[in-house]
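Q: Chains A and B, in that order, are what the protein sequence lines are.
With my numbering applied, the first sequence covers 1 to 186.
With my numbering applied, the second sequence covers 1001 to 1167.
Hint data in this document are derived by calculation from the structure and do not stem from the laboratory.
Among the hints, erroneous ones may be present.
As the list claims (entries may be wrong) - Think about it this way: if two alpha-carbon atoms lie no more than 30 Å apart in a straight line, the pair counts; the simulated BS3-like pairs of lysine-lysine are:
1) A:Lys46 to A:Lys129
2) A:Lys46 to A:Lys186
3) A:Lys46 to B:Lys1165
4) A:Lys186 to B:Lys1165
5) A:Lys186 to A:Lys129
One letter stands for each residue in the lines below.
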Amino acid sequence: MPILGIIASQISGHLAPPSSFYSIATATGNNTSTIITFSSIPQTYKSLQIRMMGSAAYGSNGNTNIYCQFNSDSTAANYYNHFFFGAGSTTPASSVALSRLCNGPDTPVTTSTFGVGVIDFIDYTSTTKNKTTRAFTGYDFNGDGIGYVALSSQLWMNTSAITSISLVAGDANWSTGTTIALYGVK
Amino acid sequence: MADTATYDLIASQTLASAASSITFSSIAASWTDLRIVFNVTAVSTDNLYVRYNGDTASNYSITELWGDGASTGSLQTSNAAFLYITDKGSITTTPALYAFDIFSYAGSAYKTTLWNIANDRNGSGYSTSGVGLWRSTSAITSVNLYSPGGSNLAAGTTAYLYGIKAA
């Protein structure tokens, strides 16, 4: 049991039993592939969540979009995406439609800085609904004009249960240090 | 794929009287990510900042997106001495929800945090989403949310610290 210190007035610290949130699998980048895939995803949860810390192509400062594909479906017309974002001095908020895109963490400029994101997949086992997901992603490089925070929605126009999720780095291989973890919620 | 239960409540706090800050300290490196949820009511409207490990040097920066019903905006800070969470603060009558995700808090990379603020005020209010960077490779062992103007975190303010461990 970890020892936790609490500094504030009025303390009520304690440990609680585990919740209904389960770690399913974790994948890492190694500079050799643009794709990280979770396959054979158990169909025993209500929803899934991906928590990621990642980068692709150090030093480019480019806009490396993160594509999200389900069940190996790479047909662009089957996906749609909307998002709004803030980037400091640039357009405060906007929205665009892009096919097959899960807008995600962008490219860092140093090996110590990564983009991060949380993506939720609700009712992924349904065989009657198209699949809608949401993502909250961002990165910050100390205010040099390329920080970015975004909230996005993705639609996969397919009623199949999701059995695999691929995260595709748009411009380069997933770098070493990239960690993408898949969780299930019961 | 084997699964393992996680999302552990590590600690919680409830203020019985007004305070200027809430700190979780001596956080063990037992999880992959931290999630912290604050439900803040204010004594008076004030900014809210966050520091890690008591670091007061200029190692923080943020990028933020906000909307208040009438307008939207985005701002950035650089080389700041804290994570600039909001200048809109909380108010005395309705609580504001702050939710932070701190990724790989015990890892060797710089630490990046995502946060959302939800603060509806029955006709006014705002929503904010932000990302912040702490340029330190040290493991985060303490998190301090503070109100720089004084004891503006009101009685009843709650804070919950969770740990999420990847397989």
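Q: Hinted pair, alpha-carbon criterion (30 Å max): A:Lys186, A:Lys129. Please report holds or violated.
A: Given pair A:Lys186, A:Lys129 holds - Cα atoms ~19 Å apart, limit 30 Å.
Q: Given the hinted pair A:Lys46 and A:Lys129, is their alpha-carbon gap at most 30 Å?
A: Between A:Lys46 and A:Lys129 the Cα gap is close to 14 Å, so the pair holds against 30 Å.
Q: Would the hint linking A:Lys46 and A:Lys186 be met if the CA-CA limit is 30 Å?
A: holds (5 Å)
Q: Checking one constraint from the list: CA of A:Lys46 to CA of B:Lys1165, max 30 Å. Satisfied?
A: Since the Cα atoms of A:Lys46 and B:Lys1165 sit roughly 19 Å apart, the hinted pair holds (cutoff 30 Å).
Q: Given the hinted pair A:Lys186 and B:Lys1165, is their alpha-carbon gap at most 30 Å?
A: Distance ~16 Å between A:Lys186 and B:Lys1165 Cα, so the pair holds.
Checked against the numbered hints above, the structure violates none of them.
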